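Since the structure of chain A is provided, determine the placement of chain B on it from the hints.
Now for the letters of each chain:
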Amino acid sequence: MAFFLHIDNRLIHGQVTVSWCSYYGAKRIVVADDKVAADPIQRIILPQAARGLPTSVVCIADALKLLATLDPAHENVLIIARNAEGALALLQGGLKPKSINVGNQAPVQGTNYVMVLPWIAATKEDAQAFKAMSDMGYKITPQRSSSDRALDLVELLGKKGLL
Amino acid sequence: MGNGYGIWISFVLAVWSYVAMIANLGPTWLLNDPIVSGLFVGAVVGNVPLGLALGGTLELMSLGLWTYGGATTPDYTTGAIVGTAFAALSKLPTTEAMAAGMAVAVPVSLFMTQLDILGRSLTTIFIHGADRAVEKQDEAAFSRWHLLGQLPWGLSRAIPVFFAIWLGSGPIQTLITNIPAWLTRGFSTMGHILPALGFGILLTFLPIEKWWTFFVLGFVMFAYLNVPLLGIALAALAIVLIYFSLKPVEAAEEQAEEAEVEKVEQAPSPVTHKDLVNAMWRHNLTLQLSWNYERMQALGFAWSISPILKKVYPSKDDYFAALKRHMVFYNTNPAIGSPTIFGASCALEEKKQPEVGDSLKVSLMGPFAGIGDTVMAILMKPIFAVFAASMALRGSTGGAWLMLALGFIWFYLMFPGFWLGYKQGLGLVRQMSSGAVTRITDIASTAALFIMGGFIPSILASVKTPIEFTKKVTIEGKEVLQTVKLQSTFDAILPYMLPLLLTFGVYWLLKKKHWTNLQVLLLLVVLGIVLGAFKLL
Chain A
1 MAFFLHIDNR LIHGQVTVSW CSYYGAKRIV VADDKVAADP IQRIILPQAA
51 RGLPTSVVCI ADALKLLATL DPAHENVLII ARNAEGALAL LQGGLKPKSI
101 NVGNQAPVQG TNYVMVLPWI AATKEDAQAF KAMSDMGYKI TPQRSSSDRA
151 LDLVELLGKK GLL
Chain B
1 MGNGYGIWIS FVLAVWSYVA MIANLGPTWL LNDPIVSGLF VGAVVGNVPL
51 GLALGGTLEL MSLGLWTYGG ATTPDYTTGA IVGTAFAALS KLPTTEAMAA
101 GMAVAVPVSL FMTQLDILGR SLTTIFIHGA DRAVEKQDEA AFSRWHLLGQ
151 LPWGLSRAIP VFFAIWLGSG PIQTLITNIP AWLTRGFSTM GHILPALGFG
201 ILLTFLPIEK WWTFFVLGFV MFAYLNVPLL GIALAALAIV LIYFSLKPVE
251 AAEEQAEEAE VEKVEQAPSP VTHKDLVNAM WRHNLTLQLS WNYERMQALG
301 FAWSISPILK KVYPSKDDYF AALKRHMVFY NTNPAIGSPT IFGASCALEE
351 KKQPEVGDSL KVSLMGPFAG IGDTVMAILM KPIFAVFAAS MALRGSTGGA
401 WLMLALGFIW FYLMFPGFWL GYKQGLGLVR QMSSGAVTRI TDIASTAALF
451 IMGGFIPSIL ASVKTPIEFT KKVTIEGKEV LQTVKLQSTF DAILPYMLPL
501 LLTFGVYWLL KKKHWTNLQV LLLLVVLGIV LGAFKLL
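Going down the list, the protein sequences come from chains A and B.
In case it helps, the numbering used here puts the first sequence at residues 1 to 163.
In case it helps, the numbering used here puts the second sequence at residues 1 to 537.
Heads up, none of these hints are tricks.
With a straight-line cut-off of 25 Å between C-alpha atoms, the simulated DSS-like cross-links for lysine-lysine are:
(1) K324(B) - K35(A)
(2) K27(A) - K247(B)
(3) K96(A) - K131(A)
(4) K124(A) - K159(A)
Source of the hints: derived by calculation from the structure; they are not laboratory data.
Quick caveat: nothing in here was measured; it's all calculated off a predicted structure.
So here's chain A without its partners, still in its complex pose (with noise of 0.2 Å):
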């Protein structure tokens, strides 16, 4: 029973629902940015996209506020950042995941980023966050499902120059 943090764009969709929460047998999701809680459409829609399981779209204050409320001996949560920058923060807070995978970044217009894999674009700045969470001793994994290897991404990202 444990803590998963998954980081992916495009948050919660077929890979997730399908793959990950059944692989992890996550029994509640935690969707936690800053952007995406602001957004009224996205609060409504995502917990309808969960297959059932119990979904709170928060900022990051009060994702890491719910968590501490969370036993994770009693249930395995999967927690969803969007990006890189997200995902440090949730670390900062405090969040101790078990494992830490990048599903989707797709690239955001307008930045200087590189494909590190063909389904994850990554900036200076990304690849920054990505190292810092990687020496808080995590191994992050570049998956979109599960049956992908589990590659080390901030090795991936030293070969591609960005570290």
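Okay, now just chain B, sitting in the frame of chain A:
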């Protein structure tokens, strides 16, 4: 050395693999279904039963597979095409030819995943081309980049198929004709147990821990009551609907809040019905033609909505700026989902509310992918596929027509989906928040569980052991040697015990031991060959 196939047959099969790929990518027609492709190739090379049987087995292996969010899965279509063509050369009876076909089809399917990744990566060049065309305000080039985006997709199949059939069929023919009997037996057993992989993958996606009772119902109906599969499917539908109509609706966690929308003065719209129809057809026929890893369906969406944008933004600068706005990452279920989102997007563009439209698009693509993938991949496709495969394995072409019909149903659903989105616009958000979505996916998943309870033992019924042993029994004071069939002992304990053990073994490896699909596939291949060769299964 065998004669193999000439250049013309190779060419025809290559063209088929191109067309089948694109027909699925565009209008979601299922020409690329293994059974449909098996039938086509079987007809071309003059062995329809073989094509159907091979396609049927590959269909079952791919039951639970779905390219969620653009993940790559084994290319069983190409496997069916190449496997059927090669195995037909052996002139063996169907069962043995089928074993040889499986021996070709499985490695081909796995190898082709590499080319799938290549095809999906190459299309990234096309979206960058389209970016430049938008910058230069070059409409024709923009269209070209989208429509030609199909080339890497189709050619990554067609070229390998052409050369494999043309150059490979001679040497392979020699090999296949000389397979020793024990190995043929092994491949044949492998073919019988591999569908368990498809079922196992599917079960990991279903809420079986929560609703295993539905699975038991389906199993009992088949194994003890001998209800035919169609009967089980109908009973599943009825019982699940009754169950959910009795179950009280759980109030949605959050009450629908009115999204704040500025009321805009209703000006007469420059967008005509004809423009909408044009945009809808563009979307429904070509959305994924230029699919690429980087922004997935973005270019297809932008190209499809361009007739609307052109009317709303008469100035060239404004038009291309709007087009650029739509060149951002977009991906959702192409048939149940995207048409509705696209319709709503068209409506909001028409009302000149681009910010609301963009936000709606981003918010809805994930949830709609979740619903669409559940309904299509977990409910509709497996049910059709099991019926189709059991027909195909009996040598009936009905299986192929059934899968084609499924593709056409998906395509047909796109049209009302579009108009629903267009008319509802932002109202979609309110509709989605009523809890209806959870209900739809729950109904779909439980019905699927019920049906699989009956389908799994039915399809894997040939997983039996021929092992016999003799034991001494004393009858009326005399010692007699009696032959006992191990299988009848199993049957006495629980009917279809081996099929269930096999399926749940696969499920356990995938779900609890976190093996990958590929690892389980390789295990089953080895297990099948060994058990078959030694006549243990």
